[in-house]
Amino acid sequence: MRAFEYAFREGAASLWRSRGSSAFAVLAIALALVVLGSLLVVTWNAEQLLAQWASAAELSVFLHDDATSEQRGGIEDFIDKSGAASGREYVSKAEALARFKREFSELSALTTGFDDNPFPASIEVRLRSGADRDGRTDAMLKGLATLPGVADTRYDRDWLSRVGGGLQTVRSAGFALAVLMALAAAVTVATVVRLGLQGRHEELEIMELVGAPMAFIRGPFVAEGFLQGGVGAILAITALWLGFLIVAAWWGQDIRALLGGSTLRFLPVRLCAYLVAGGMAVGSAGGLIAARHAG
Amino acid sequence: MIETHHLSKFYSRGLYALRDLTLTIDKAEFVFLTGPSGAGKSTFLRLLLLQERPSEGEIFVNGQNLATLKRSEIQEYRRGIGFVFQDFKLIASRTVLENISFVPEVLGVPPAQQRRRAFQVLKWVGLQHRMNAYPLDLSGGEQQRIAIARALVNDPVLVIADEPTGNLDPDLSLEIMNLFREINAGGTTVVVATHDRELIRLVGRRTITLDQGKMVEVG
Numbered sequence: 088m089r090a091f092e093y094a095f096r097e098g099a100a101s102l103w104r105s106r107g108s109s110a111f112a113v114l115a116i117a118l119a120l121v122v123l124g125s126l127l128v129v130t131w132n133a134e135q136l137l138a139q140w141a142s143a144a145e146l147s148v149f150l151h152d153d154a155t156s157e158q159r160g161g162i163e164d165f166i167d168k169s170g171a172a173s174g175r176e177y178v179s180k181a182e183a184l185a186r187f188k189r190e191f192s193e194l195s196a197l198t199t200g201f202d203d204n205p206f207p208a209s210i211e212v213r214l215r216s217g218a219d220r221d222g223r224t225d226a227m228l229k230g231l232a233t234l235p236g237v238a239d240t241r242y243d244r245d246w247l248s249r250v251g252g253g254l255q256t257v258r259s260a261g262f263a264l265a266v267l268m269a270l271a272a273a274v275t276v277a278t279v280v281r282l283g284l285q286g287r288h289e290e291l292e293i294m295e296l297v298g299a300p301m302a303f304i305r306g307p308f309v310a311e312g313f314l315q316g317g318v319g320a321i322l323a324i325t326a327l328w329l330g331f332l333i334v335a336a337w338w339g340q341d342i343r344a345l346l347g348g349s350t351l352r353f354l355p356v357r358l359c360a361y362l363v364a365g366g367m368a369v370g371s372a373g374g375l376i377a378a379r380h381a382g
Numbered sequence: 035m036i037e038t039h040h041l042s043k044f045y046s047r048g049l050y051a052l053r054d055l056t057l058t059i060d061k062a063e064f065v066f067l068t069g070p071s072g073a074g075k076s077t078f079l080r081l082l083l084l085q086e087r088p089s090e091g092e093i094f095v096n097g098q099n100l101a102t103l104k105r106s107e108i109q110e111y112r113r114g115i116g117f118v119f120q121d122f123k124l125i126a127s128r129t130v131l132e133n134i135s136f137v138p139e140v141l142g143v144p145p146a147q148q149r150r151r152a153f154q155v156l157k158w159v160g161l162q163h164r165m166n167a168y169p170l171d172l173s174g175g176e177q178q179r180i181a182i183a184r185a186l187v188n189d190p191v192l193v194i195a196d197e198p199t200g201n202l203d204p205d206l207s208l209e210i211m212n213l214f215r216e217i218n219a220g221g222t223t224v225v226v227a228t229h230d231r232e233l234i235r236l237v238g239r240r241t242i243t244l245d246q247g248k249m250v251e252v253g
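Chain order of the listed sequences is A and B. Going by our numbering, the first sequence opens with residue 88, and the numbers climb by one from there. Going by our numbering, the second sequence opens with residue 35, and the numbers climb by one from there.
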């Protein structure tokens, strides 16, 4: 406990003494965390949106024009018993046409000139949450394809999977970049802490000669790196927050429209805590590298 | 207390700092190590402090073979030794009292006990009135008395001093030697390396003379 207290007291004093050079290490950590944090803000919001879309994803069952009411009843019965649907709605050919004209008014001219209504009747199915994961949706889709009266089925999952895959790629690339920057930050911390170590060689020599435990000799350097990491992380989160506020103030409306009404959200406290912990870990690692030269 | 058997230290073949040294220093003894520059006095003290390892032979302190000590055992061993150097090795950014309490501080002694013990030894060397001064504000003699106080703060069983009066005038040198005599009177073994023959004569203790790494005289 005393070693811990001593390490942090001396680490903080050293950080203050060498505040000029420490600023570089703090900035290096802050920069790495701003990159990682920005990536997290983007991917986290995208994930939330994706989850929202996934929960709202609908499965449409299109019916043949000549499907009988018995066939339609059989299809609806099958959907109800599948355990995958939380609700369903029958959309007649007339309703489908009216909906198209309402939602795409500028294209409504395209529907004129047909002898018959070209839109098929359909049953729109709302899926239960989790039905996708445990295979109930797949089973229902397979079963539906075999039923008489079913012309086709459409499910939004494919493009959601593709967006999810793309997001994963972005996340991996960004994570790799953040790791590289974190390594660079750790090296910067190690260099700065080592500079401080040179200035304390007399103290270190005395500590060694009196038989001070290693925790007292090396601890302050690890603590200094830890503090640099912590300050860097707090700086990064502050910068991210300010950036977020600016983006939200300037482009908030546009983003909301783009996201279909959802607002852009900042990182949850849990992720901010992880960022701070990450910064402290990177700083400590740098401090530890430098401390190997002490004692 | 200290025993060496055919102790040698060389840095490269043929360049011996110490050669085949066999000697005994008893518990509570005061011994001078003397000889010209390059005789091996500092090397012997460095071996005693385990700043270096012997190349050949053995060195025992209180029955412990120093050559076989592990890192954690070295730390433990050093806690029983006080050291004083010619250049004082005081920390310029710390006050006199902080310089002394630094030792118990980094050994994990509770703060109140650190200050109490530091003040006791500072009083013992007669510099309690300078406790808040910084080393660079003190004279050479005062700085060396602070270094001695620091060496004593941990109640060592052995005090070693490497040319402790090298930077001091004769009167101050004798004053410092009197402090070592008092330390020794309390039962602490004292080994002082010096090339000052006159000082040795004035203090009048057993003297081991080294020359070119060899023991040439014991008297």
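In case anyone wonders, no lab produced these hints; they're calculated from the structure. Ideal Cβ placement from N, Cα and C applies to all residues, glycine included. Each hint should be verified, as a subset may be incorrect.
Claimed, not checked - Label-pair restraints from in silico Cβ distances:
1) B/Asp245 x A/Glu92: 30 to 38 Å
2) B/Gly114 x A/Gly330: 32 to 40 Å
3) B/Lys248 x A/Glu92: 32 to 40 Å
4) A/Thr325 x B/Ala101: 50 to 58 Å
5) A/Ala326 x B/Gly142: 35 to 43 Å
Here is how each hint holds up against the structure:
1. B/Asp245 x A/Glu92: 30 to 38 Å: Violated: the Cβ-Cβ distance is about 50 Å, outside 30 to 38 Å.
2. B/Gly114 x A/Gly330: 32 to 40 Å: violated, 58 Å
3. B/Lys248 x A/Glu92: 32 to 40 Å: violated, 49 Å
4. A/Thr325 x B/Ala101: 50 to 58 Å: Between A/Thr325 and B/Ala101, where Cβ atoms are some 56 Å apart, the hint holds.
5. A/Ala326 x B/Gly142: 35 to 43 Å: Once the Cβ atoms are compared, 40 Å apart, the range 35 to 43 Å for B/Gly142 and A/Ala326 holds.
Checked against the numbered hints given earlier, this structure breaks hints 1, 2 and 3; the rest are met.
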